[in-house]
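Number of protein chains: 2
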Amino acid sequence: MIEPMGNQYIVARQVYSKNAFDEEHKKMQRYHKTILDHFRICCRCSSQKFKKIALSLFPIASWLPAYHLKEWLLSDIVSGISTGLVSVLQGMAFALLVDVPPLYGLYAAFYPVIVYFFFGTSRHISIGPFPILSTMVGAVVIKSGSTTDSEKIMAAASITVLVGIFQLALGLLQIGFIVIYLSEALISGFTTAAAIQVLVSQLKFILQLTVPSFTDPFSIFKVLESIFTQIKKTNIADLVTALIILIIVFIVKEINQRFKHKLPVPIPIELIMTVIAAGVSYGFDFKTRFNVAVVGKMESGFRLPSSPSMKIWLDNIGDAFSIAVVGFAVAFSVASVYSIKHDYHLSGNQELIAFGLGNIVGGLFKGFASSTSLSRSGVQESTGGKTQIAGLLSAIIVLIVIVAIGFLLEPLQKSVLAALALGNLKGMLMQFTEVRRLWRKDKYDCVIWIFTFLATIILGLGLGIAAGIVFQLLTIVFRTQFPKCSMLANVGRSDIYKNRNDFPEIYEPEGVKIFKCSSPIYFANIGFFKRKLIKAVGFKPARILRKRNIALKKIRKLEKKGQLQITPKGFIYTAGHIKDSDDELDNNRVEELDQPIQTTDLPFQIDWNAGLPLNIEVPKINLHSLILDFSCVSFIDTSSMRGLKSILQGFLRINVDVYIVGTDDDLVEKLERCGFFDQEVQSSIFFLTIHDAILHIWMKKNYIISKYNHNQEKEMKVDFTINTNGGLRNRDCQVPVETKL
Amino acid sequence: MIEPMGNQYIVARQVYSKNAFDEEHKKMQRYHKTILDHFRICCRCSSQKFKKIALSLFPIASWLPAYHLKEWLLSDIVSGISTGLVSVLQGMAFALLVDVPPLYGLYAAFYPVIVYFFFGTSRHISIGPFPILSTMVGAVVIKSGSTTDSEKIMAAASITVLVGIFQLALGLLQIGFIVIYLSEALISGFTTAAAIQVLVSQLKFILQLTVPSFTDPFSIFKVLESIFTQIKKTNIADLVTALIILIIVFIVKEINQRFKHKLPVPIPIELIMTVIAAGVSYGFDFKTRFNVAVVGKMESGFRLPSSPSMKIWLDNIGDAFSIAVVGFAVAFSVASVYSIKHDYHLSGNQELIAFGLGNIVGGLFKGFASSTSLSRSGVQESTGGKTQIAGLLSAIIVLIVIVAIGFLLEPLQKSVLAALALGNLKGMLMQFTEVRRLWRKDKYDCVIWIFTFLATIILGLGLGIAAGIVFQLLTIVFRTQFPKCSMLANVGRSDIYKNRNDFPEIYEPEGVKIFKCSSPIYFANIGFFKRKLIKAVGFKPARILRKRNIALKKIRKLEKKGQLQITPKGFIYTAGHIKDSDDELDNNRVEELDQPIQTTDLPFQIDWNAGLPLNIEVPKINLHSLILDFSCVSFIDTSSMRGLKSILQGFLRINVDVYIVGTDDDLVEKLERCGFFDQEVQSSIFFLTIHDAILHIWMKKNYIISKYNHNQEKEMKVDFTINTNGGLRNRDCQVPVETKL
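The listed protein sequences derive, respectively, from chains G and D. With this note's numbering applied, the first sequence covers 254 to 994. With this note's numbering applied, the second sequence covers 254 to 994.
I should point out that these hints are in silico values taken from the structure, not numbers from a laboratory. It is possible that some hints are incorrect.
Repeated chains share a single entry, so a pair holds when one copy, or any two copies, can fit it.
Stated by the list, open to error - Calculated pairs, DSS-like style, for lysine-lysine (alpha carbon to alpha carbon, straight line, at most 30 Å): (1) K737 - K898; (2) K405 - K286; (3) K540 - K486; (4) K785 - K923; (5) K873 - K793; (6) K280 - K788; (7) K873 - K737.
Chain G extracted, bound-state conformation (with noise of 0.2 Å):
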């Protein structure tokens, strides 16, 4: 019955068993989907759903009709230029990385992005070379043994090729859903180590030092280690002109981040150092002068495609699964980023599909593996990128270069290159001010960033970022398998039970107990949950129940051997003493001693919490009826199932009601489907809340209420006490009897 009245909440209804509700209110026969009609609507076509395909896989056909011509096209040119520079300076530079000669940077710059621009989704990230991945491929080439150019050529594209293959099946194959498992805290620890990754990798451009390549794990610190072994040998020109570069890079960013409303287009920085420093360093021969590195002689033009080495993919199949893997993390992390900031969708599938495509193109065509570089990325986006238009003009600068320019860039010293590339990883490297704002908000995702950021430090990207995922997904199964259990108590008087030591005016009815679990119970957590019901309650059930077999084992023999006399008044215990080894009981059997207790053939019953004849003595508990707020209990596992009933047998078999409330009718049903009820353990321990458990204690146990006593309502006082009359009680006359030594 409803019945608003102002602010006020009246109910008034009878009490319900879940037994006596459904009596009440029939529930309908339900058709329940089965695995098999999933798959059946899974596969089912539909010419709506093959459209809905066919958009998905051509993102352009959404955003590029809906593209907002005034507003965005400045911006995106802007950006597309820089971006297309940097493109340039970092397709060359990660060339070396990969040991081919600075053009074949250029194709992994150009052809990978024109695919992307039709297939891809994030509209803010810039495709290309990436120096781990490209690192990663250098060893694949180191391995293959190549010497000459057009070898080594000939094995990164084959592995590229190889590469798109693998991205290309995992996003047909829909296995881009591993992207959910990327959380903020995830990627945020992760990019910040891919930071500082770069920023290692770049040093010794910087330094203008020899450097090997390292891809196994703890690679970091051998490159650090090499570094620093040899730090002497350092080309001073080439550290000051990255650092000055460096300097006025920060400053001009720093400018136009501040006044990024009144610039009508940030300045784009990069592309006045470049010129300045090419100029400079031709002018003033720094080459010759300084001994600096330059980039060098530049090839022009494109090459033919070539079929890829069959040899290079069966010797590589491990690594080229790692480098698609690595390559497809990093960038859609690094999207994902920018799609939360710009809020716009990403398919995980849709970037593998684009990913993969773009690096089988680049593959044929002689370019190397490309993913997304984070500094790039950064500058796409910062100088104003709206979409993949600005990619699409980036692609077009480095044809320009490809084609034309190219010998332009040749007196550039690759230490500027490497400046250009850090002066971007500012933003990624202040996450690790996310640290200290995780741990005030959430524990767990502060572990979580830590562990990813230190294992990708240590691991390198690809182990790194899965130690991360593998992590993580632990600390689900950790938050359910220790989950909150706390003892309720009713607040206020009326319905509401909260947490007990959370009020200090709470009311408990004497002997009866509330416990709630806030998870699900399963095989990992059930003996968890048993040992805080235990601690909760005070004793442990079991324990108790063989105290008091072995009480009654002692009763029945003092019983037979007729020392124990019925008077209506009570027990008169006859024998002088009782030997001591009757006392041990030593062959007692265990499983006896777990049974119920069995009091029926007795002429008397016990009433186990008052005085026993004699040295008789069991722990008295003050404990008749246990509630279990199950609300939270979303599911219950078949391995769990045995130990819970153990549980709710021990209580009953030492006489304390269990009563379930707040479960889901569905866990019954799964309950009763599991044969978990029987005669002991009956399914009319459900009640439908916690309130309505308590007030069928309240009747159960014929209370007696001193109701309206005082006018106040909080002063109302409930006698919730036990009646106990006496320890042993005659069956037959039901009077109350004592023991008398």
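For chain G, the structure is supplied; the task is to place chain D on it using the hints.
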């Protein structure tokens, strides 16, 4: 106010939002233990704690004094002798897998048993060699390049000591907690697969074929291939002997099982068959007559201990670790089968310590790695073994064979050993029937069983159980990742809300939806939650908001141009028609369209669900309040908060009030700490129960309640429709205005 009146549930209180409740019932300030506090408690020393640790290190101190001499001793003696004989037979058989003389298999069946007697916690498993472990040790022996017997013995003993050290270290570091991840379904699937592995490993002895040892994944298939390619070479005498023994053993075991309660002691059929087989083989000289493989020359006595080889250790750290883990996992999973059956506690860490010490001692005295054999443990338990007294007696039998009567076994056929081992696998293999039962009970558990079984068959025992554990943990993630989401409705017209699809007679207030999510919300399921919620309400809030904002722009434009006149009666649109270009609104910034609707500057209000002027169309929604039941949401991680907030914002911005009910207080505190609330999403959205929220909505919306129109309670109708007075309403005069064309 609690009023128990018969079977009545009567509650009368005010409607509580969380804030109102907190206002009325002040919470206590509680000190929550920090991680440091927990660590301190964990490290605190006390004499009681010390005593407890000391006791747990020597489980014998607990169970030996409680030994039921009269009842158990006879069973233990029978079991000990039977097991001892099987130990002897298996020890010799498995020594062949390691490629050392049979005597050293007897050592492996002796030393660890003695150690386990003092340190072990399982009462039923038989310690000693295990075929898979023996094969793994054999692989190390082969890898070490040993040629002479003494070199091979040394290699096996050395690796065994290292295995023991790993196990001991894991036990002392309390890493035995991994055992809580071994669920019943996993153990059942794993032991079934292990039984098949054992079966296959024994085939070569039964058929008397020479099969090389394989250890890598797929080894079971390689062994089978090897057997089938040479099946014609089968020694028929061996096969026939094995089959006869197998059939007799099966039949007698069936008799033992069926007449369990009538037989004083199970018939020791293994013992009888061994004696007969050895006698017959000797008497008829099977070896020369049928060319069967016999045990052959037995040495006797013990060897002096020697220090292990460091070279073997360094070369095989990985192998030693996997042997340590597999050995423990196998033994523990078998032990837990019996501990569940006989209901006693196993300690994972203590088991590790016991096995570790056993292997260290065994290895120093030139035995090889031991664990438990499924079949031998089956013998020990099924012949009535009650405690490790049986294990001790079996060691004494082994001792007798080692020092005295070993030579008697020389004529015994190896195929007899194999047949006896197989005779005990029936129980394990019968676990196949579990699959059907599990499928009916719990799909997840069934899939875990099948996965673990297949992984163990295909990958071998070590990798198989690891894959099973990881898979099983992923199922926990999956279960919470795709939670059951349901729409609730009032059932029975009181304060009870259930799944609307389950009941034919439900009551749903118009314009109100109640959505329940039954799992924590975190990074991996926030997307799922959002999709389910959108499906449940039937529209995308963001889309509605954009449409409304576009419509508003049009109305503003009309108003600005003076084409919209406001009269007390309504709007009059004065111009002829709207240009098409106005319709497109190409240059809307998407960001703007997602902002909250600002209409305060307009001289009228807009009712979006009524008709709008001209061709302006906005989807109508029949939802004004959304209640999210979060009683099952035990935690929300920081990654998902942003998503949750954007969902709430989406609804609030289109004037749908959102209420969250049933949350834990801690969760709200955490949201506050993470800066979840602002001007839009306020902390006043929390209510104690669904019913509180419903009553609050009721009051807020000023519904006309036709109360007590009918006498019968169930017939009571509540008019819950929305008060819709026309499309645009003049703000100043609050008089409904009509739209005219």
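*Determine which of the earlier numbered hints do not hold for this structure and return their numbers in increasing order.*
2
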